[in-house]
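There are 2 protein chains.
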Amino acid sequence: MSNLKPKQFKKDRLLDQGVNLLLEKGYHATGLKEILDAVQIPKGSFYAYFESKERFAAEAIYHYIEPFILRLTGHLQNPERDGLAALKAYYSELIGEVVISGFKGGCLLGNLMGEIGDTSPLCRDALLNAVARYCELQKIALERGQQQGTVRLDRSAKSMADLMLNSWQGALLRMKVEQSVEPLKDVCNDLLDDYFKA
Amino acid sequence: MSNLKPKQFKKDRLLDQGVNLLLEKGYHATGLKEILDAVQIPKGSFYAYFESKERFAAEAIYHYIEPFILRLTGHLQNPERDGLAALKAYYSELIGEVVISGFKGGCLLGNLMGEIGDTSPLCRDALLNAVARYCELQKIALERGQQQGTVRLDRSAKSMADLMLNSWQGALLRMKVEQSVEPLKDVCNDLLDDYFKA
DNA sequence: TCCTAATAATTGACCGGTCGTCTAGTCGAC
DNA sequence: GTCGACTAGACGACCGGTCAATTATTAGGA
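Those protein sequences? They're chains U and P, same order as listed. The first sequence begins at 1 in my numbering and counts up one residue at a time. The second sequence begins at 1001 in my numbering and counts up one residue at a time.
Incorrect hints may have been included.
Computed footprint of chain U on chain P; a stretch qualifies when at least three of its residues, placed anywhere within it, have a C-beta under 8 Å from a C-beta of chain U [claimed, not checked]: (1) 1035-1043; (2) 1125-1131; (3) 1171-1185.
Far from chain U, by Cβ distances over 12 Å, these chain P residues were calculated [claimed, not checked]: (4) F1009; (5) R1013; (6) E1024; (7) A1048; (8) F1050; (9) E1051; (10) R1055; (11) E1059; (12) I1100; (13) I1116; (14) K1158.
FYI, nobody ran anything at the bench for these hints, they're computed from the structure. The C-beta atom is built at its ideal place from N, Cα and C for all residues, glycine as well.
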């Protein structure tokens, strides 16, 4: 089939735009028409790509988290940095970007967990999976830091990864209403620069 | 005016039910009709009590946080406990309640910060105010703990209060999708039982 | 103490709009 | 001609919000 490629291309464009709008306005406030108009795909075609809005959101969750996982993986592969330094570099990169974006949106995972995390089974599964993979990656970073002697050993990497992820999510919420990066910086300062240190 | 009392009574019932539904389904997924039906108040009467759905949500935010502030204040007035122990008692009380509620909802402040924190100015202000007051109270608890020698002195009470609040919000999101209290317990274990200790 | 008239409060039908979804029909490839 | 992919537009439901009509309340004159 020659048009399978363009089909996947269009699907990706829908997901790209969908992620942007879901991030900016949330699940229920984002209309399918809005997404379709933005990428100039007719309304009637939506269900050729996705079986429902809910499934679309679930796919958007995977589409959203993948680049973050790749970026953090990239930092971890930098041989010059230990695990903790890689995390610090990663998070300070994120902080730089939210400033540019004007503190809008935050994290799609956090927003959707709050809005539909306990009402949409499809999205719940996607969120569980995405969070688990993202968290695992941070656990690996911290484990490496432990092996390299920069991260404390008396707390498990898993529990520190959870704490980092949770605190970051909470800080993103604060960022949104306070329109400031201070909450994000504070989390990094408290955890990465202090609590996690060996 | 003799019916001012019943008016305030009905307004409170609307807010009570509104908080429940907003907590369960979020802002956009909750219809005014649903709230009104639940307390058997006619649709047309809504705007006698509130000028808009947005304003209603803003008032619901205050209505929601007040009992939490009162309860934490109560724990702080218990002379047998130091500030840190009061916080621990308060949070373990909260954990007990989310188990009963079946991990539904989470925290209205967190959910609304994520959903409309950067799109509704009215709610943003209400959220800012509510979070600030709630956070201040926890700061006071930690300050007291510092004076009593149970909380470390080399970190400011304010920054620890922020970290606790942020981590708790993140943990509530995890709780919703994982349908488990473990994230909440972990936060208490990591922060109240370890990081904050003197 | 009534009856009436003026005023205030209450309310359900209704508005324009948007939602997610579906189907009947178009159109291009072979 | 046949078939499958694509799509325009309709569908019913529901949204937040409004308003004319109804009901309740009050005040004053007899």
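For each hint, the structure was consulted:
1. By the rule of at least three residues with a Cβ nearer than 8 Å to a Cβ of chain U, the coverage given for the segment 1035-1043 of chain P is violated, with 0 such residues.
2. Here the segment 1125-1131 of chain P counts 3 residues with a CB under 8 Å from a CB of chain U, which clears the bar of 3, and the coverage holds.
3. Counting residues of the segment 1171-1185 of chain P whose beta carbon lies closer than 8 Å to any beta carbon of chain U gives 8, which meets the minimum of three for the stated coverage.
4. A cut-off of 12 Å between C-beta atoms confirms that F1009 (chain P) is not in contact with chain U; the least separation is 31 Å.
5. Distance to chain U confirms R1013 (chain P) as a non-interface residue, since its nearest Cβ pair spans about 24 Å, more than 12 Å.
6. The beta carbon of E1024 (chain P) is not kept farther than 12 Å from every beta carbon of chain U, the shortest such distance being approximately 8 Å.
7. Taking the minimum C-beta to C-beta distance to chain U, about 27 Å, the non-interface status of A1048 (chain P) holds against the 12 Å cut.
8. For F1050 (chain P), the shortest C-beta to C-beta distance to chain U comes to about 20 Å, beyond the 12 Å cut-off, and the non-interface label holds.
9. Remark: the non-interface label on E1051 (chain P) is consistent with the geometry, its nearest Cβ contact in chain U lying 21 Å away (cut-off 12 Å).
10. Against the 12 Å criterion, R1055 (chain P) stays outside the reach of chain U, whose nearest CB is about 17 Å from its own CB.
11. With a closest Cβ-Cβ approach of about 17 Å to chain U, E1059 (chain P) is found to remain outside the 12 Å limit, as its non-interface label requires.
12. No Cβ of chain U approaches the Cβ of I1100 (chain P) within 12 Å, the least distance being about 15 Å, so the stated non-interface status holds.
13. Some Cβ of chain U comes within 12 Å of the Cβ of I1116 (chain P); the nearest lies about 7 Å off, and the non-interface call is violated.
14. At roughly 9 Å, the least C-beta separation between K1158 (chain P) and chain U is not larger than 12 Å, which violates its mark as non-interface.
In the structure shown, a violation is registered for the earlier hints numbered 1, 6, 13 and 14, in ascending order.
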